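Undergrad: Line by line, the protein sequences are chains F and V. Per this note's numbering, the very first residue in the first sequence carries number 1; after that it's consecutive. Per this note's numbering, the very first residue in the second sequence carries number 64; after that it's consecutive.
Everything labelled a hint here was simulated from the structure, so no lab data went into it. Here the structure is a predicted model, which means the values were calculated and not measured. One thing to keep in mind: the hints can contain errors.
Quick list of in silico lysine-lysine cross-link-like pairs, PhoX-like style, CA-CA up to 25 angstroms [stated by the list, open to error]:
#  : chain 1 : residue 1 : chain 2 : residue 2
1  : F       : K56       : V       : K97
2  : V       : K221      : V       : K138
3  : F       : K57       : V       : K133
4  : V       : K233      : V       : K127
5  : F       : K57       : V       : K166
6  : V       : K133      : V       : K233
7  : V       : K221      : V       : K128
8  : V       : K89       : F       : K56
9  : V       : K128      : V       : K185
10 : V       : K166      : V       : K221
11 : V       : K233      : V       : K221
12 : V       : K128      : V       : K166
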Amino acid sequence: MKRSYLPVALLLAVLMLNIIFTQYMVHQYFYENYTNTIIAAIINVILFPVAFLIYKKGVNVHD
Amino acid sequence: MTDKNNKIPFNEDNYTHNINRNNERKLDRRGFMKTLVGAAGVFAVSSLPWGALAAKELSGLGDKKYPKQKITDVKALPVGDAVDFAFPGEHDSAILIRLSETKYVAYQNACTHLRCPVFWKKNEGEMLCPCHHGKFDVETGAPIAGPPRRPLPEIYVKVENDAVYAVGVKRYEA
Ligand code: FES
Chain F
1 MKRSYLPVAL
11 LLAVLMLNII
21 FTQYMVHQYF
31 YENYTNTIIA
41 AIINVILFPV
51 AFLIYKKGVN
61 VHD
Chain V
64 MTDKNNKIPF
74 NEDNYTHNIN
84 RNNERKLDRR
94 GFMKTLVGAA
104 GVFAVSSLPW
114 GALAAKELSG
124 LGDKKYPKQK
134 ITDVKALPVG
144 DAVDFAFPGE
154 HDSAILIRLS
164 ETKYVAYQNA
174 CTHLRCPVFW
184 KKNEGEMLCP
194 CHHGKFDVET
204 GAPIAGPPRR
214 PLPEIYVKVE
224 NDAVYAVGVK
234 RYEA
């Protein structure tokens, strides 16, 4: 029964980054900086597999 | 007493004895992490349309293309004068004003108030709407007096072999 809350913390951090980049993306879109919009969107998409990997690693630690 | 319990079916007056809902809504660490991953997925999916729209803007698909159209010859338009034309459609009346030797501006001249034709008042240096005395700035098309609140749509012009051409319409921005 050793449960680690590190993955939980990491996932929360990922979610925070998601929020930040989403807001950045929307703002950059309306400021017409379309390259920045695309960069933020790509980061947001990449964060999903990252979150999934953290989850996979995290559940293997005995729950 | 003890074996009675095994022989006689116990008195069953409800049908939920085998439903155990304890802990059903308990959110454990694993469930919480699943929720977080799901949220990350929602963020990822909802980013896609923004990326697509931005890519569309970057590739210039959003700008409508109109065939370029000759407005007038340079010689026929002295500095400070204006000429009416129609662009991009034959009913979209527009005005071209020559501000200096090399500077031309063009706007669709339907007033943004009630669509009266705006004309160029040379000696006052501003565009005037006859209907309710709206005035527009020549340099930008921005409304400066009277009822209109929105700028006149600008038309891009280009000078090529001694003639002035209309090449496009500026995208409307609210
Ligand atoms: S239509 Fe131009 S000011 Fe009213």
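Undergrad: Does each hint hold? Answer for all of them.
TA: Hint-by-hint comparison with the structure:
1. K56/F <-> K97/V: With Cα atoms ~10 angstroms apart, K56/F and K97/V stay inside 25 angstroms; holds.
2. K221/V <-> K138/V: OK: K221/V and K138/V at ~15 angstroms, within 25 angstroms.
3. K57/F <-> K133/V: Violated. K57/F to K133/V sits at ~67 angstroms, over the 25 angstroms cutoff.
4. K233/V <-> K127/V: holds (9 angstroms)
5. K57/F <-> K166/V: The hint is violated at about 65 angstroms.
6. K133/V <-> K233/V: Answer holds: K133/V to K233/V is near 18 angstroms, not above 25 angstroms.
7. K221/V <-> K128/V: holds (15 angstroms)
8. K89/V <-> K56/F: holds (21 angstroms)
9. K128/V <-> K185/V: violated (32 angstroms)
10. K166/V <-> K221/V: Holds - the C-alpha atoms of K221/V and K166/V are around 10 angstroms apart, at most 25 angstroms.
11. K233/V <-> K221/V: holds (14 angstroms)
12. K128/V <-> K166/V: holds (23 angstroms)
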